[in-house]
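Engineer: These are the residues of each chain, in order.
Protein chains: 2
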Amino acid sequence: MGLIILDDLPELVIAEGIHMRAVTAESLTVAHVKIAAGSLLPEHSHPNEQVVNVMEGELEMVVDGQTHNLTRGKVLVLPSNVIHSGRASTDCLVVDVFHPAREDFKGSSFDGYPGE
Amino acid sequence: MGLIILDDLPELVIAEGIHMRAVTAESLTVAHVKIAAGSLLPEHSHPNEQVVNVMEGELEMVVDGQTHNLTRGKVLVLPSNVIHSGRASTDCLVVDVFHPAREDFKGSSFDGYPGE
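Sequences listed follow chains A and B, in order.
In terms of the working numbering, the first sequence opens at residue 23 and continues consecutively.
In terms of the working numbering, the second sequence opens at residue 23 and continues consecutively.
It is possible that some hints are incorrect.
Which copy is meant is left open, because identical chains are indistinguishable; a pair holds if it fits in one copy or across any two.
As the list claims (entries may be wrong) - Derived PhoX-like pairs: lysine-lysine, alpha-carbon spacing no greater than 20 Å straight-line:
#1 LYS96 / LYS56
#2 LYS128 / LYS96
#3 LYS56 / LYS128
Calculated directly from the structure, the hints in this document are not laboratory data.
Since the model is a prediction, treat every value here as computed from it, not as a measurement.
Required output: the full structure, derived from the provided sequences and hints.
Structural biologist: Right, here's the structure in full:
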């Protein structure tokens, strides 16, 4: 709680080229995610509702077979358990928000998505 | 749900110089807030837990009497019902996240904070 310095948090590697620092509040998680151009987010799902906010760059996301090209000003809301994947068209900075909090983001390691 | 274009949402004026577009998902609200330099966010509180993510600029926030100077890389977690206020030192872009969703941000107008 209170003030959190992102650089003080452990950096989690979600997939090759996808590095994240995650703030876990009581009810939600806010993840600041850096994605290198060309990186792939494997197809996966989770019970947490997610809101994807691309702040820099262009991120292609596929949700239930539909492709969205996300840039700043476009926000993607992913309902609980929907299958999604992604590919960074450029280097990206993304703020991902989850409810409930992501228990799997709380530690200093990440076990990986099913697709990896 | 799905893809949301921020510019298609109504712009809510939270206080003079503080303009917001708010995405309401099922369980949470993500507000993209533009704050002009010098603008004041009056002292207020709400039952919603809040996570403040300054993406551009410098935002001074006072929480329970303690001052924090927020810039990119610093994230502020505000527990339910804590009293807080703010002042933009520069033009700012802030991504504010709330749980539960802010019912008062759902419409096209905002009734204002108690301090106004």
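Engineer: Does each hint fit the structure? Answer for all of them.
Structural biologist: Comparing the hints with the structure gives:
Taking CA atoms no more than 20 Å apart as the test, LYS96 paired with LYS56 passes in both settings, with 17 Å inside one copy and 16 Å between copies. Proximity of LYS128 to LYS96 under the C-alpha cut-off of 20 Å is restricted to the inter-copy arrangement: shortest distance 18 Å between copies versus 27 Å within a copy. In this homomeric assembly, LYS56 and LYS128 come within 20 Å of each other (Cα to Cα) only inside a single copy, at 18 Å, whereas the closest approach across copies is 30 Å.
When the structure is compared with the earlier hints, no violation turns up for any of them.
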